[in-house]
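> One-letter residues, chain by chain:
There are 2 protein chains.
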Amino acid sequence: MLLLFPEDLVRPGLARLSGRRLEHVREVHRAEVGDDLAVGLLGGPMGQGRVLRLEEGVLELDLSLDQAPPPKLPLTLVLAVPRPKVLNRVVAAAASLGVAHLVLLNAWKVEKAYWASPRMKPESLREQLLLGLEQAKDTVLPEVTLARLFRPFVEDELPGLVAGGTGLLAHPGTGGTAPRVPAAPITLAIGPEGGWIDAEVQSLLQAGLQPLDLGPRILRTETALAALVGRLF
Amino acid sequence: MLLLFPEDLVRPGLARLSGRRLEHVREVHRAEVGDDLAVGLLGGPMGQGRVLRLEEGVLELDLSLDQAPPPKLPLTLVLAVPRPKVLNRVVAAAASLGVAHLVLLNAWKVEKAYWASPRMKPESLREQLLLGLEQAKDTVLPEVTLARLFRPFVEDELPGLVAGGTGLLAHPGTGGTAPRVPAAPITLAIGPEGGWIDAEVQSLLQAGLQPLDLGPRILRTETALAALVGRLF
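Those protein sequence lines, which keep their order, are chains L and D.
Numbered as in my numbering, the first sequence ends at 225 without a single skipped number.
Numbered as in my numbering, the second sequence ends at 225 without a single skipped number.
Treat the hints loosely; a few may be bogus.
No copy labels: a pair is met if it fits in one copy or bridges any two.
Claimed, not checked - Computed cross-link-like contacts, DSS-like style, restricted to lysine-lysine with a CA-CA straight-line distance of at most 27 Å:
no. : residue 1 : residue 2
1   : K64       : K101
2   : K129      : K101
3   : K129      : K77
4   : K77       : K101
Just so you know, these hints were derived from the structure itself, not from any lab.
Keep in mind that this is a model prediction, so the values were computed, not measured.
One chain only, chain L, in its complex shape (with noise of 0.2 Å):
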């Protein structure tokens, strides 16, 4: 699916186009005139865009928006902020499972450098949410908020996310198995590579969470989050 954003709209109903995405249509979708796209507005409806014009330079989109984006879940993802090789594949898996809010907490296993690499702006994070909508034809932008201290976080945001939901803590070797059919909204979170610390899983279970064991095997961030919301959902 194209996303489309607000500047794209020349008026109501007509969508233009220039720069990456052109060339995309061009070359992946191999567009003509009158072929129809699949198409969304970002935040708004999704459908069809028919090719009015394309030329070098210029996309031009009859646009028909008459579907609703699919329901986010009602899940919050906390998760310690992974290599930033990890990074961009777990935030756009996030933003195409459907994630409504994902927080990008630190912890103690979190290197410093983490934080401050490229693929932790805003900007960089924004796109990789936007090829997850892209993927699983959606347009709503999950919320971000990167908690760069845990303590704060986990102490003052974090029971009030779990209250009158389910809260899990995906932590290997715990035994703990989470209800069939929790009760939404969820918040689950996912430890860095090495898992939590003792002092971290203590407070995450004091904020609420209940342990939840994936089993023996050790999964990839990017496999256990999709795994996780496979089966609570």
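Given chain L, work out where chain D should sit, using these hints.
For chain D alone, kept in the frame of chain L given last:
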């Protein structure tokens, strides 16, 4: 986890490594003499390897292998061959998730060039499977079947795989919902980018698969696979 091969064993209980894995232990594990490493013997038990010698060109480990590898999922994954770029990730993810048997199947929308890719060679597939096993702390390779012809596999082999268990066809827009706790063994078919064509869907249904609709979100193959495994097991 460090995977050991039968040829690494100098005698029972003593492994000698060189080359890439030696470098990995030096540089990533940063191991020193006396350290214990998590190790597993390909196709056999897992446990600890204590570093006896670590010099230029040789690593010796004193092994105590007393743990069984985690059980495989009773799952045959029938996967339309993905683009080479995607193949590696999906194969490693399938191994890490515990898929017992992986069938790489031709389909209408599988380009011929995919079959000719170096990544489809047995040694390349094996490398990705081993990476998945190391990630997940498992030692048992999944069985792999290359099914270059769709109809003979689906008409002659697939019904036998499905008999006595549950066959599922992941296919968007069908509205099908899997049984909440499907009878094992499970055979799960996942289509190519762009999906199965109608004639393929008909053949797969005739072979005994039930349609399973994953909802409105279109997920990347490895994300869909993990979500399905989380849902089914």
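> Where does the structure disagree with the numbered hints, that is, which hint numbers, in rising order?
1
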